[in-house]
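Taken in order, these protein sequences are the chains called A and B.
Numbering of the first sequence is given in my numbering, commencing with residue 1 and proceeding in unit increments.
Numbering of the second sequence is given in my numbering, commencing with residue 1 and proceeding in unit increments.
It should be emphasised that the hints constitute simulated quantities derived from the structure, not laboratory data.
Be careful, since some hints might not be right.
[Stated by the list, open to error] Only some residues are given here: those of chain B computed to face chain A with a beta carbon under 8 Å:
hint : residue
1    : Ala85
2    : Ser280
3    : Ser300
Beta carbons are placed, not taken as given, at the ideal position from N, Cα and C, and that holds for glycine.
Here are the chains, one letter per residue:
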Amino acid sequence: MAFITIAPPAQPGSLDASTDLQPSLSGPTTAPAAGRGRRRFASLRTVPLKTLPSHVLLIALAVVSIFPIYWMFVTAFRPSSDALSTNPLPGPLSLENFQYVLKTIPIAGMLANTFGMALTLAVSQLLVAILASYGFARWDFVGKKALYLLFVGSWLVPFQVTMIPNYLLVSQMGLLNTITGVVIPQLCSAFAVMMLRQHLEAFPKDLLDASQMDGRSSWRTLWEVVVPNLRPALAALGIMLFISAWNEYLWPSLIMQKSDALIQVGIRGFLGAEGNNWGAIMAASSLACLPIFLIYIFLQRYVVDAFVRSGLK
Amino acid sequence: MRPLRSIALTIAVGTAALALAGCSGTSQASTVSTQIIPELKSDQQVNITFESYNLAQAGVWTDTVKGLVSDFEKAHPNIHVTAQAPQGGGAVGSNTVSSVQTQLLAGHAPDVAQLTFDSLDFAATQLGAQPISDLVGQKAVDDALGGAHPFHPNAKHLADWNGKTYGIPYVFSTPVLFYNATKLADAGITNPDLSTWDKVEAAAKAVSAKSGKPSLDISCASIGGNWCMQGVFKSNGAQVLSDDRKTIGFGSDAAVDTVTKLAQLTKDGVLRNADSSAQSEGLAKGDTAFILTTSALQGSFMSAATKGGWQLKAAGMPSFGGKPSVPTNSGSALFVLSQDPAKQRAGWELIKFMTSDHAYEQISTKIGYLPLRTSLTAAGGSLYDWAQKNPLLAPNLAQLDRLQPWVSYPGNSYVQIDDILGKAVENVVYYGKDAKTTMADAQKRAQDLIP
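All chains, please: the whole structure from these sequences, using the hints.
Pasting the structure below:
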């Protein structure tokens, strides 16, 4: 869709002297604005004729993808009596469902807790991934391949298999019903390690050698040379990890028997044996989506980049 | 890359096998002495956990149960109750046993748990539920179920097992035929007699002819509705399990005849094929005019009727010809799972409180569940006014006199047996599969799972 026209994020800020010498690792060098404008103009003239069927298909897929989100907001902003309405047009507008949600569950606290959990997970997984992938990419050591295979293997094991052993471990640590208990077994993401390792494998060895000749230790090289050059990739990965953590449901629902701590567990409270309160579910879900929407609006290029990198690397 | 992938898969499979090995063995034999547990001293502080699936549902469900727990703690200042919802991501009420099992694995099962009646056998034989009548004595149980407003006789012993009381019935519903009286009036039917399936079919045909689409939903015939499908079978003389609890009866002539009659409703264009969620919303949205479903949905139907400007009415479960209908109950009982005498005593005090007159006054008026102390709704009872304002309660209360228990299957595979029956009934009723061969096959597969 838009992937081919959006350039990877530009390198923010300037690097130190050694990194200035290197080409950008974030993607192809961007062309001058005028040239880019001419190419876009040319492509716009040819797109309708050559790629019309593809674009029609993509538009249809986009509508199918967006419709559930649209329906969520339409239902959320209807009066509860119209929650089962099948009228595709919005209205009548009402804040009744939001008022009910705010009155019934402590949604602000839930959103804050969930934000804290997702941020902690994203930062910790990113940190572990940086250190592990740097180790894999920088040095050759005995058992390196086997160790990496263990990471790959742990990624292939379905979560449902490790769920109960992890639950027992968290229980023995006395962390049930705590957000810490939700976070601890997920501090390391094998996916993040694998993805960053791919990036670091492509990192110019000359740059690392230059850093060593400058007298930097491996630790300083990591933080002063490698990480600044990987900022776009790290930002993209961080966003992806945050979104993934934010959307967690099964594991938190196992650990948190308090239904008023995390938003994804809290939304379930409007589903029941005596009927589902769809208006409240949609209103709570709309509020739960807001942080992700804000990320998408303000960091759209990084988000797209994250998905492109994860798919192509 | 191929060898790498195969090594990775080998590691994954090995890890999975090890993890699964760690998951096995949740059986918890019930170890009980027949000695009556001592009363708590007035200054003896006890902490207990109470797991209730009502706490998984936001709004009046959570507020009412929390309010009752708070009232209990005020009445028993030496007992502190941690009230919690079941863990896991399942639908409300569907994961009560698995939640207790998981916590048992970790060595901290709840002290008191609200478990559904279909798991009674499993709870008593595998989950470690304690026989309350042994813990506190049969007289104490009888006293608790009695009082000025005793439990309905057919509700008292729904959680008894092998002559002992393992659980005290807490909340349940019966199958009720709700209908949109406005739609029926539009089709020329007023004050309908819906006491038999033939009469229901005739009325539904009239409404369907007017609307041009199926007008009847039977949630009992869909997966998840087996608790009331058992009642439909019993109403036609069939049994899902023999009295000696050894033989599955899905393939009996009476059972085959039952599902054949329901399948005919589909063929006649009056019974709608919809999942359980769509069914419960069908009446509310005006897509259908009848639904045989749990009486617990009464509140949401009343709300939809008020907002939609149509008249909601209710009738009892229909019968087959001259045979009386036999409603079964859904719902749950409260069980003591703790092995500690002090916690068992505290748990019993909590159970007595949660099934007291005061509790049913709160539960019925706020949540809308049926009060099991039915005389509370009679003249002079504290729920009399409430019952008068809710005339839809009448058929629900009336059919308690014919109530028979929701059968729990023996063994560890009781959920699978229930699934087999649910799929077989759906295949016959909605998808036109041959009733005799489908039900016989289901019987054989279910029988293989009976220990």
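Checklist entry - Do the numbers back the hint for Ala85/B, that is, is its least Cβ distance to chain A under 8 Å? => result 5 Å, holds
Item to check | Restraint satisfaction for Ser300/B [CB to CB of chain A, less than 8 Å] | outcome: 4 Å, holds
Checklist entry - Does the nearest C-beta of chain A fall within a distance shorter than 8 Å of the C-beta of Ser280/B? => result 6 Å, holds
Comparing the model with each earlier hint shows no violations; every hint is respected.
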